[in-house]
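Novice: The residues making up each chain are set out below.
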Amino acid sequence: GAVVSQHPSWVICKSGTSVKIECRSLDFQATTMFWYRQFPKQSLMLMATSNEGSKATYEQGVEKDKFLINHASLTLSTLTVTSAHPEDSSFYICSAKGGGSGYEQYFGPGTRLTVT
Amino acid sequence: KQEVTQIPAALSVPEGENLVLNCSFTDSAIYNLQWFRQDPGKGLTSLLLIQSSQREQTSGRLNASLDKSSGRSTLYIAASQPGDSATYLCAVGDNDMRFGAGTRLTVKP
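If you read the sequences in order, they're chains A and B.
The opening position of the first sequence corresponds to residue 1 in our numbering, with each subsequent residue numbered one higher.
The opening position of the second sequence corresponds to residue 1 in our numbering, with each subsequent residue numbered one higher.
Everything labelled a hint here was simulated from the structure, so no lab data went into it.
Be aware that one or more of the hints could be misleading.
[Said to hold, decoys possible] Some chain B residues judged to face chain A by a derived CB distance under 10 Å, without partners named:
id, residue
1, Val20
2, Ser24
3, Phe36
4, Gln38
5, Leu49
6, Arg55
7, Ser65
8, Lys68
9, Ser69
10, Gly71
11, Asp94
12, Phe99
13, Thr106
14, Pro109
[Claimed, not checked] Here are the simulated lysine-lysine pairs, BS3-like style, with alpha carbons at most 27 Å apart:
id, chain 1, residue 1, chain 2, residue 2
15, A, Lys20, A, Lys64
16, B, Lys108, A, Lys20
17, A, Lys41, B, Lys108
18, A, Lys66, A, Lys41
Ideal Cβ positions, reconstructed from N, Cα and C, are used throughout, including at glycine.
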């Protein structure tokens, strides 16, 4: 149990276009979902936290108008990278948790975004 | 702000050795500490989760300890195998999970 999927697993897009990444909890209801970014040979950095039906909370330095997060249901969150640029190329990982404080986060397999 | 540090950054050992990976954190008021494995280009595999009230967790050849007062955790891997080669990440927190930079482990046959 506790499986989180991401789609697509990799995507290549041209500079200036927008890309949407989906994160789904397959066998539990995710009250909270998280989006992380990982640059090569660096660790994961939390970008934003989203609760179902609410606006996402972004970490300092993350542009909310560039990284649009929608958490419309208890099993799906989407991250849209708008007007992507080469510096947005990164590994994006989502996670989900089904309960409140102390509950474990379950991580998706990640999405490799390359902007050319 | 929570800072998580992992030492060493890289480690290379011969097969069969026992090894210890270290993780330290600056704020001892944590909910959970979790160890993950990440293979190149892949997502995270959760290895062990230690809740704040616990001192250690074991799974197979892996043992993780937690000392909140000193802000440290160790991951002990017994009888290492080439298949253990990966990057090991330590993360602390609950909703605001903070990750260390990882230890890149290579186990040579």
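Novice: Determine for every hint whether it applies to the structure shown.
Specialist: Evaluated hints:
1. The interface hint given for B/Val20 is broken, as the beta carbon of that residue sits about 20 Å from the closest beta carbon of chain A, more than 10 Å.
2. Restraint check, B/Ser24 versus chain A: the minimum CB separation of about 14 Å is more than 10 Å; hint violated.
3. Given hint, B/Phe36 at the interface with chain A, holds; its Cβ is 8 Å from that chain's nearest Cβ, closer than 10 Å.
4. Taking 10 Å as the C-beta contact cut-off toward chain A, the hint placing B/Gln38 at the interface holds, the least distance being around 9 Å.
5. Among the interface hints, the one on B/Leu49 holds; its C-beta lies about 6 Å from the nearest C-beta in chain A, closer than the 10 Å criterion.
6. The closest approach between the C-beta of B/Arg55 and any C-beta of chain A is roughly 17 Å, which is over the 10 Å cut-off, so the hint fails.
7. Given the 10 Å rule on beta carbons, the hint for B/Ser65 is violated: about 19 Å separates it from the nearest Cβ of chain A.
8. A least Cβ separation of about 15 Å between B/Lys68 and chain A goes past the 10 Å threshold, and the interface hint is therefore violated.
9. Taking 10 Å as the C-beta cut-off, the interface hint given for B/Ser69 is violated, the closest approach to chain A being about 20 Å.
10. For B/Gly71, the suggested interface contact is broken, since its CB lies about 18 Å from the closest CB of chain A, more than 10 Å.
11. Checking B/Asp94 against chain A by beta carbon gives a least distance of about 5 Å; that is within 10 Å, so the hint holds.
12. The beta carbon of B/Phe99 comes within 4 Å of a beta carbon in chain A, closer than 10 Å, and the hint placing it at the interface holds.
13. Annotation: B/Thr106 was flagged as interfacial toward chain A, and the flag is violated, the nearest CB pair being 15 Å apart, outside 10 Å.
14. For B/Pro109, the shortest C-beta to C-beta distance to chain A is roughly 24 Å, which exceeds 10 Å, and the interface hint is violated.
15. A distance of roughly 14 Å separates the Cα atoms of A/Lys20 and A/Lys64; the hinted pair therefore holds under the 27 Å criterion.
16. At roughly 40 Å between alpha-carbon atoms, B/Lys108 and A/Lys20 are farther apart than 27 Å, so this suggested pair is violated.
17. For the proposed pair A/Lys41 and B/Lys108, the alpha carbon gap of about 21 Å is at most 27 Å, so the pair holds.
18. Between A/Lys66 and A/Lys41 the alpha-carbon distance is near 24 Å, which keeps this suggested pair within the 27 Å criterion.
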